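Undergrad: Sequence order for the protein chains is G and E.
Using this note's numbering, read the first sequence as starting at 1 and increasing by one per residue.
Using this note's numbering, read the second sequence as starting at 1 and increasing by one per residue.
It is possible that some hints are incorrect.
[Claimed, not checked] Here are some, though not all, of the chain G residues that point toward chain E, as calculated from beta-carbon distances under 10 Å:
1. S68
2. F79
3. L95
4. G245
5. G246
6. A249
Derived by calculation from the structure, the hints in this document are not laboratory data.
Note that the structure is predicted; figures quoted are calculated from it, not measured.
Where a beta carbon is used, it is the ideal one built from N, C-alpha and C, also for glycine.
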Amino acid sequence: MLESTHLYLASIWFILWGVLWAVYFALDGFDLGVGTLAPFLAKTEEEKRIMLNAVGPFWDGNEVWLISAGGVTFAAFPFAYSVMFSWLYTPLLLLLFALILRGVSFEFRSKIENPSWKKLWDTCQFLGSAVPAILLGVAFANIFQGLPFNADYVNPGGTLELLNPYGLAGGVLFLVIFLTHGAIWLAIRTEGELQARAVKTAKTLWPVLLVLVLAFLAWSFVGTQLFGNYFQYPILFVLLLLPVGGLLAMRWFMAAGSWWKAWFSSLAFIIGTTLFGVIGLFPALMPASPNPQYSVTIHNSASSQLTLSIMLGVALVFVPIVIAYQAWAYKTFATEPVGKDDMEY
Amino acid sequence: MDVIMLSRLQFAAATMFHFIFVPLTLGISILVAVMETMYVRSGNEVYKRMAKFWGHIFLINFAVGVVTGITLEFQFGTNWSKYSAYVGDIFGSLLAIEATAAFFLESTFVAVWAFGWNKLSPKMHCIAAWLVAGAGNLSAVWILIANGFMQNPLGYKIVDTPNGPKAELVDFFAVLFNPFAWNEFVHTVSGAIALSAFFVLGVSAWHLLRKNEMDLFRRSFRIAAGFAIVASLVVAVQGHLHGNHVAEIQPAKLAAMEAHFETQANAPMYLLQIPGQDGNVLEALPIPSLLSILAFNDPNAVVKGLNDFPEDQRPPVVITFLSFRIMVGIGTLMILVAGLAWLKRNNIDDQKLLLRALPFMIPLPYIAIQAGWIVAEVGRQPWIVYGLMRTSDAVSPVQPGQVGTSLVAMVLIYTLLGAAGIYLMARAAKKGPSKA
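The whole structure should be built from the sequences, with the hints applied where relevant.
TA: Written out as structure tokens, the structure reads:
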């Protein structure tokens with residue numbers, strides 16, 4: 001067991017760990033959504049380029065939140081990092097390969113005027129966006145549900161077992177969340193027919209999202225221990241205001257045509273939903289099922305008190321700076337629809 | 001093959017591939033920022049077109065470099081989970097700080113730079129260029145502090161936990177100011193700048209021979225020639241000092257670099273030497289005391305030989321020895337060529353032979369840098385953390401099939417990326433800058 005200051009620090013880091021994942025989903029979520037929507041929404045080459053350029057200035061900075069979430073797991077909970085990434089070896093590498101192909105497809109596709117060249121990188125862009133969205137959902141649903149750890153944390157090779165019904169439901173939920181988030185972003189950043197299609201997509205996806213969220217919550221209630229902390233400390237249910245409020249506000253602002261506000265509501269919904277799950281896990285980063293004694297928790301995986309304190313100092317200084325310049329970049333590049341001058345890709 | 005060998009291959013493939021693209025990112029970003037500064041100060045449009053042209057190549061290179069870097073952070077968890085659990089307290093925090101303090105800045109401002117030509121003032125745009133260059137090199141600081149810990153672990157103690165023993169941080173400043181890490185940093189970054197300068201020299205020479213955009217490429221050539229000569233001299237001089245440090249801290253690596261088997265004072269260096277893992281197959285033409293001088297700046301110094309290390313603590317000799325010679329050989333050639341380019345920089349149009357040779361020089365610094373990392377990393381074996389943890393104890397409890405499959409997939413994907421990236425860069429370099 002950790003001593004009280006140490007435990008306090010580890011708990012703070014647990015929350016920050018959840019926040020980092022939440023911010024990552026909220027930011028990379030919309031550009032993964034746009035990448036998945038591209039083949040369906042863009043009718044012409046120019047529309048396709050507009051869609052890519054709508055996320056062009058942002059996707060790279062967004063993805064660094066994933067690196068940070070990974071890095072913070074490594075720094076603050078090294079044992080959790082080692083179990084999480086080696087246990088989830090195959091899906092994680094699949095996720096990385098997908099993100100790699102997607103990342104270069106932005107830069108590569110418009111460099112050569114040749115239909116089959118473009119087709120190749122458009123396929124990479126699509127798979128590289130849809131596959132991570134689904135895999136992240138599958139991974140997190142399996143974590144919510146608990147992983148079948150044994151005493152030495154060896155995965156006997158059961159990667160396919162992650163594709164259980166609850167895991168797959170998580171994958172579909174994440175995909176639809178990101179698609180909606182992306183469609184809203186396109187409604188902000190495009191004009192004319194393309195925008196009309198984006199608006200229609202967002203409005204069509206919203207009820208699907210609502211049904212999926214309710215179903216997933218009900219399933220989590222029955223099939224996981226996620227609600228344990230909430231029933232122990234009912235005050236925590238206040239947290240639900242963020243995702244529920246975000247989800248409802250999203251639809252409200254869609255109807256009003258206030259797309260920025262709808263996007264921020266979607267942002268709040270994603271952050272709220274992630275935090276709701278993460279707080280349900282506490283103090284485990286990865287609960288073990290059916291043997292809770294093998295759970296990976298802040299108690300058995302936290303770094304030393306010194307490392308946690310230094311990292312907290314670093315985070316308190318740098319994270320506000322990062323948020324400030326990323327907000328500045330969004331303000332500089334996202335205030336108007338994508339124009340002809342902005343077509344870098 | 002077992003999981004250890006497969007994981008080593010996978011990590012080697014991932015890092016070496018990543019490091020085809022990293023040095024140009026580190027160096028050319030500085031050159032672009034210099035060019036853009038000259039534009040802002042002089043108002044001369046040719047510098048703006050220069051910055052755009054070299055920046056365009058930088059962006060293609062950066063795209064491949066950045067996506068392949070992501071894999072590396074996660075491979076510590078996927079393939080080396082025992083290592084991660086053992087030293088994560090120290091090593092993990094360095095990677096996390098790198099992401100928070102440097103990588104965010106670089107990734108955000110690369111996009112600001114690429115998309116910002118019409119949205120920012122020239123001055124602000126130039127600041128973005130410097131932020132990209134600064135952040136990229138700041139990333140290198142943190143990554144090399146992390147690597148420095150693997151080479152020369154400092155500032156830790158070993159504690160027992162329910163999951164077994166692990167290294168815990170006790171002195172952050174010892175980790176931060178690890179002299180080995182800073183030696184590696186200077187060596188790596190000056191090498192990267194030299195590589196980038198040779199890249200710019202080579203491409204400029206190609207265009208100058210073809211009388212293409214003479215003004216722009218003459219100016220590019222002059223800037224790069226200055227960087228090339230200074231950086232290649234720094235790499236060499238500092239490399240020698242770094243070698244002294246290796247001799248002191250990692251004697252087994254030094255012995256492998258020189259295939260030096262018998263411990264002796266006044267250790268010679270052989271002009272003709274063919275090494276084997278257990279002894280030299282051939283050694284002839286000794287220069288007395290030279291090895292003692294190079295390693296310790298003292299002809300009488302005793303240099304410990306591989307035979308005095310237990311067999312299971314010797315690095316692979318042949319690879320380390322050959323890589324070291326390739327690195328030093330190319331480095332020496334680079335100093336000569338860079339010196340020549342610098343001397344002739346003001347009437348470079350007439351130097352046909354030099355202009356013809358320079359494009360062929362472009363691959364050489366790449367080979368030297370790869371060879372240098374082989375010396376550093378293979379020479380550290382069998383340790384993943386020198387003297388503290390063996391590579392064989394660091395590997396994840398995963399199935400060989402998983403690692404094998406992902407290794408094949410990775411090689412295929414990286415080959416596709418590498419081929420496409422290098423093709424696009426060559427194409428952009430040959431096409432030259434866009435008109436006005």
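Undergrad: Let me know if the C-beta of G:L95 comes in closer than 10 Å to any C-beta of chain E, holds or violated.
TA: holds, 9 Å
Undergrad: Classify the hint on G:F79 as holds or violated, based on whether any CB of chain E lies nearer than 10 Å to its CB.
TA: This hint holds: G:F79 lies near chain E, its Cβ roughly 5 Å from the closest one there, short of 10 Å.
Undergrad: Per the CB criterion, is G:G246 less than 10 Å away from chain E?
TA: violated, 25 Å
Undergrad: Classify the hint on G:A249 as holds or violated, based on whether any CB of chain E lies nearer than 10 Å to its CB.
TA: At 28 Å from the nearest chain E Cβ, G:A249 fails the 10 Å test, so the hint is violated.
Undergrad: Taking the closest Cβ pair, is G:S68 under 10 Å from chain E?
TA: holds, 5 Å
Undergrad: Does G:G245 hold up as a contact with chain E if the rule is Cβ-Cβ below 10 Å?
TA: violated, 29 Å
Checked against the numbered hints given earlier, the structure breaks hints 4, 5, 6 and satisfies all the rest.
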